[in-house]
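For the record, the sequence lines run as chains A and B.
Numbered by my numbering, the letters in the first sequence go through residues 1 to 271 in order.
Numbered by my numbering, the letters in the second sequence go through residues 1 to 159 in order.
I should point out that these hints are in silico values taken from the structure, not numbers from a laboratory.
One thing to keep in mind: the hints can contain errors.
Taking lysine-lysine pairs in the DSBU-like style, the calculated list, with each CA pair at most 35 Å apart, reads [said to hold, decoys possible]: (1) A/Lys-177 <-> A/Lys-161; (2) A/Lys-6 <-> B/Lys-3; (3) B/Lys-81 <-> B/Lys-3; (4) B/Lys-3 <-> A/Lys-177.
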Amino acid sequence: MPVTVKTFTSTNEAAAALSDRSARYLGGGTLVMRALNEGDISISTVVRASDQAMTRIDASGSRITLGAGVTFARILAERDLGFLHGPARSIGGPAVRNMGTVGGNLFAPVPYGDFTVAMLALDAIVSVQGGLGGREIGIEEFLQSRDRQAGTLVLAISFAKPGSADAFRYRKIARIKPKGGAVITLAAHLPVNGSRIVGARVALGSMAPTPIRARAAERALEGRSLDTSTINAAAAAAVEGTSPGDNGLASAWYRREIVGVHLRRLLSGQE
Amino acid sequence: MTKTPLQFQHNGRDVAIFVDGGTNLLVALRELIGDMTPKFGCGQGGCGTCSVLIDGELHLSCLTLAETVAGRSVETLDGIKDGPNLHPLQRAFADNFAAQCGYCTPGMLMAAKALLDRNPQPSRAEVVEAISGNICRCTGYEPIINAVLAAASGGRARA
Numbered sequence: 001m002p003v004t005v006k007t008f009t010s011t012n013e014a015a016a017a018l019s020d021r022s023a024r025y026l027g028g029g030t031l032v033m034r035a036l037n038e039g040d041i042s043i044s045t046v047v048r049a050s051d052q053a054m055t056r057i058d059a060s061g062s063r064i065t066l067g068a069g070v071t072f073a074r075i076l077a078e079r080d081l082g083f084l085h086g087p088a089r090s091i092g093g094p095a096v097r098n099m100g101t102v103g104g105n106l107f108a109p110v111p112y113g114d115f116t117v118a119m120l121a122l123d124a125i126v127s128v129q130g131g132l133g134g135r136e137i138g139i140e141e142f143l144q145s146r147d148r149q150a151g152t153l154v155l156a157i158s159f160a161k162p163g164s165a166d167a168f169r170y171r172k173i174a175r176i177k178p179k180g181g182a183v184i185t186l187a188a189h190l191p192v193n194g195s196r197i198v199g200a201r202v203a204l205g206s207m208a209p210t211p212i213r214a215r216a217a218e219r220a221l222e223g224r225s226l227d228t229s230t231i232n233a234a235a236a237a238a239v240e241g242t243s244p245g246d247n248g249l250a251s252a253w254y255r256r257e258i259v260g261v262h263l264r265r266l267l268s269g270q271e
Numbered sequence: 001m002t003k004t005p006l007q008f009q010h011n012g013r014d015v016a017i018f019v020d021g022g023t024n025l026l027v028a029l030r031e032l033i034g035d036m037t038p039k040f041g042c043g044q045g046g047c048g049t050c051s052v053l054i055d056g057e058l059h060l061s062c063l064t065l066a067e068t069v070a071g072r073s074v075e076t077l078d079g080i081k082d083g084p085n086l087h088p089l090q091r092a093f094a095d096n097f098a099a100q101c102g103y104c105t106p107g108m109l110m111a112a113k114a115l116l117d118r119n120p121q122p123s124r125a126e127v128v129e130a131i132s133g134n135i136c137r138c139t140g141y142e143p144i145i146n147a148v149l150a151a152a153s154g155g156r157a158r159a
């Protein structure tokens, strides 16, 4: 069924057009065009914005900002974003990485949305344009309400650059390599003060309807050095608070069984 | 619903068509321009047989809103041969038995072309990565990988 395509130069106008519940924002197309191809009749309007700010990368300082329209291929081309090359490369094949965007990934359902798991571990802030102007939302709050975001347009996502290469870790478990939907995805940000972890963040994908933080594992890491007993305690707590589902890639039971194993490997630096 | 005029370059030739809102590029190419080389596979971005180059970059035409290619260059398998002469990749696919049912072949060739255009001497691992978004259910991939390596810079590919 034909849909109306509306393209705006202003993000304000694009956000206003999204207040229509049958409107969807088109970024790279990997979610919205797929829905249209599958005959999703809930979409009657496709909204686009041509504002150049949405494709901007600012990685020069200690705080990094990625425009919502930045593709994964562009992240892979940025030397300053080397710590995000793993998450970006784990998504799709080259064509999907040329199309898929950081902003769209925030809305990708299980078993996708791997980049968002990395963003959650980095405590990212999501900048959105709404009917009442621009505002910033913590990514965790954003994810909890992402299906009720009518009338808002994601503009950018920002986060502090990890203090060292070792402070940020990422692991995606997939049956098909190098490309495949996730069985589970894990990311951890472990800032260290002296030898102790301060502000631990552990994020999990495919362990709930949206990426979630593994708070019990974070508590097991907080204030401790990353030794064997700390890693074992975090791994044992990884499954707490999760609610994975069954799909063609894995059962909920299997996901619960392996999440601690892979968190242990992630924290131990094992391949 | 009104149709939208759309102009772009298709294999180096200017084309102008009218598309319905929401039409994907694959439908525009096949049904409005008559280029049947990109195939419809999954419609979800999972199989890669609809792959085309947009401004030299590999894209999935089934997930591309046709209107977004206005003023841009779209290259399909139909445009890679030189008159009656096959492209070196096509010749290598034929010589290395890299096509069986042939349904994935257009996408495989465009993914391989995207790789060789920027990296004429890829390693085997780079070839595997380049075609990782394209599914083949016949060959087991090995003949395809061998064909791309054979086509690369006259067969002087790195190990």
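Status of each hint after checking the structure:
1. A/Lys-177 <-> A/Lys-161: Judged against 35 Å, a Cα distance of about 28 Å means the pair holds.
2. A/Lys-6 <-> B/Lys-3: Since the Cα atoms of A/Lys-6 and B/Lys-3 sit roughly 13 Å apart, the hinted pair holds (cutoff 35 Å).
3. B/Lys-81 <-> B/Lys-3: 33 Å, holds
4. B/Lys-3 <-> A/Lys-177: 42 Å, violated
Checked against the numbered hints above, the structure violates only hint 4.
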